[in-house]
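Novice: As a plain string of letters, each chain reads:
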Amino acid sequence: MIVEILITQMPYLLHGVWVALQLLVCLLALGFVLGLSLAILEVYGHWTLRWFGVLFERIFRGIPAIVLLLLFYYGVADFVDISAFTAAVLALGLRSAAYQSQIFRGSILSISQGQMLAARAMGMSKPMAIREIILPQALRLSIGPWTNEFSSEMKATSLAYVIGVVELTRQARYIISSTQGNILAVFAVVAALYFIFNWLGNWGLYRLERKLAVPGFEQGGQG
Amino acid sequence: MGRLLSKLAVGAVAAASLIGGAGAASAEPLVAGVEASFPPWAYVESGEYKGIAIDAMRAIAEDQGLEVEFRDLPWPSLIPALAKGRIDLLVTGLNITEERNEVLDFSIPWWENDDEVLVPLDSDLNVVTALCCGATVGAQGGATQLQWLEDNLGANEDVDVTLRSYEDYVTAVEDMGAGRLDAVVTSTDTAEDFIAKDRPVKIVGTIQQNQPQALAVQKGDPKELLGKLNAGIMNIYRSGEWEEIVRQYSPQSTIRPIPASMPDYVDAYQEPIPGYSE
Numbered sequence: 374m375i376v377e378i379l380i381t382q383m384p385y386l387l388h389g390v391w392v393a394l395q396l397l398v399c400l401l402a403l404g405f406v407l408g409l410s411l412a413i414l415e416v417y418g419h420w421t422l423r424w425f426g427v428l429f430e431r432i433f434r435g436i437p438a439i440v441l442l443l444l445f446y447y448g449v450a451d452f453v454d455i456s457a458f459t460a461a462v463l464a465l466g467l468r469s470a471a472y473q474s475q476i477f478r479g480s481i482l483s484i485s486q487g488q489m490l491a492a493r494a495m496g497m498s499k500p501m502a503i504r505e506i507i508l509p510q511a512l513r514l515s516i517g518p519w520t521n522e523f524s525s526e527m528k529a530t531s532l533a534y535v536i537g538v539v540e541l542t543r544q545a546r547y548i549i550s551s552t553q554g555n556i557l558a559v560f561a562v563v564a565a566l567y568f569i570f571n572w573l574g575n576w577g578l579y580r581l582e583r584k585l586a587v588p589g590f591e592q593g594g595q596g
Numbered sequence: 009m010g011r012l013l014s015k016l017a018v019g020a021v022a023a024a025s026l027i028g029g030a031g032a033a034s035a036e037p038l039v040a041g042v043e044a045s046f047p048p049w050a051y052v053e054s055g056e057y058k059g060i061a062i063d064a065m066r067a068i069a070e071d072q073g074l075e076v077e078f079r080d081l082p083w084p085s086l087i088p089a090l091a092k093g094r095i096d097l098l099v100t101g102l103n104i105t106e107e108r109n110e111v112l113d114f115s116i117p118w119w120e121n122d123d124e125v126l127v128p129l130d131s132d133l134n135v136v137t138a139l140c141c142g143a144t145v146g147a148q149g150g151a152t153q154l155q156w157l158e159d160n161l162g163a164n165e166d167v168d169v170t171l172r173s174y175e176d177y178v179t180a181v182e183d184m185g186a187g188r189l190d191a192v193v194t195s196t197d198t199a200e201d202f203i204a205k206d207r208p209v210k211i212v213g214t215i216q217q218n219q220p221q222a223l224a225v226q227k228g229d230p231k232e233l234l235g236k237l238n239a240g241i242m243n244i245y246r247s248g249e250w251e252e253i254v255r256q257y258s259p260q261s262t263i264r265p266i267p268a269s270m271p272d273y274v275d276a277y278q279e280p281i282p283g284y285s286e
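Protein sequences appear in the order of chains S and B.
Numbering follows the working numbering, in which position 181 of the first sequence is assigned residue number 554; successive positions increment by one, without gaps.
Numbering follows the working numbering, in which position 38 of the second sequence is assigned residue number 46; successive positions increment by one, without gaps.
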């Protein structure tokens with residue numbers, strides 16, 4: 374009987390997946406843009422900017438995701454009228470920025486200093502050297518560690534239901550409560566769905582890593 | 009590289025517009041907060057809101073010319089969301105309590121509940137042993153049942169019970185099935201819903217509470233909804249629509265006269281009650 378229910382309810386679970394994926398893309402995009410900027414500031418910026426970057430990263434890495442969600446939904450929403458979805462993107466996206474900044478900072482620092490000196494000696498400005506010399510290598514190196522961030526944020530989207538985002542976990546609870554049971558069967562299917570989409574995402578990222586690898590290049594070309 | 013970056017920038021812009029789109033919902037219809045995992049009052053089946061409270065609210069809205077959209081929030085968030093004005097009214101099987109009266113205003117009560125003591129179908133416990141002598145008892149966190157258990161049993165050192173709170177009653181009953189709880193105390197209609205859906209539980213006793221339930225709006229009723237809600241409740245009650253809705257979702261329930269008992273401490277029940285006593 375529960376099998377039948379699960380089959381008829383599958384479109385709603387998949388809609389939940391769709392909402393979760395939208396949330397994931399938005400929060401990772403926010404985290405990427407902000408995280409990369411923070412990393413560049415932390416490595417090359419003035420000490421005040423560096424200090425700001427470190428403070429931001431410490432704060433957002435030091436607070437549990439679920440608390441951030443509640444803070445943004447109930448705190449920020451007092452001043453600006455934002456939807457639950459937006460609050461979730463901000464809370465999880467800023468947190469992701471903190472984590473991603475560390476990924477990018479690490480890979481930027483792994484590019485040898487000599488390259489920057491050589492670029493400057495050839496007459497490139499600092500921003501140009503960062504854009505044309507450092508980042509193309511550092512970003513390639515970041516893909517591997519970034520798959521971790523992708524996976525953990527994919528799973529973190531399941532927390533957004535606490536502020537009323539109707540994603541996969543919430544859809545699952547709908548089935549459980551309308552049938553007053555079947556927790557195990559429903560969450561087994563939900564676990565499988567998270568697993569499949571996580572696996573697909575990682576598969577795509579590893580493919581991207583191979584595709585972008587520069588053949589014969591000594592660093593970052595191991596893929 | 010430049011191309012990759014510009015693609016990512018496009019992605020970020022698309023993400024931003026998606027956020028904008030999600031946030032730009034029109035402010036026109038009233039937003040009714042529900043906790044959609046609370047059958048028979050409010051739940052989601054096949055992507056649609058259903059339940060007594062949902063259908064009754066739709067009927068009241070039609071009767072009073074209101075436009076209402078439902079928004080699902082977790083149970084512990086509902087009252088804070090109403091207090092902060094993030095939702096305009098609360099539509100579910102909401103018990104009237106003194107604490108809640110401090111932060112919100114109630115419509116006239118449309119229901120009255122007692123609490124039931126549930127035990128596993130094969131349990132030998134009775135109404136007394138299920139709530140004493142080393143028993144572990146579960147209820148939903150933030151619910152009136154848990155409050156009652158804490159005040160009357162947990163606080164009494166002579167009664168040896170361990171209380172556990174759960175996010176919802178499904179988990180509590182499931183945990184009882186796994187042997188981690190001896191009993192679960194829930195409201196009458198929730199208990200009857202479990203039994204109607206063939207969960208392996210039985211009722212061994214009833215705690216008479218005459219607990220009224222109602223809709224709720226923000227404290228002070230800034231949007232002047234109480235008059236319309238009260239008039240709408242009376243209209244669907246008198247027309248028989250209310251009875252039809254309750255029968256559909258909870259055929260075993262006794263329908264009590266509306267308004268049910270109105271506690272003195274509720275501010276919104278001081279005469280004249282808008283939409284009811286005039």
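By construction, these hints were calculated from the structure, which means they are not laboratory data.
Idealized CB from N, CA, C, for every residue including glycine.
Don't take every hint at face value.
What the hints assert, rightly or not - With the Cβ distance kept under 7 Å, some of the chain S side facing chain B (calculated, not the full set):
1) Y547
2) I549
3) S550
4) G554
Novice: Looking back at the numbered hints, which does the structure fail to meet, lowest number first?
Specialist: none
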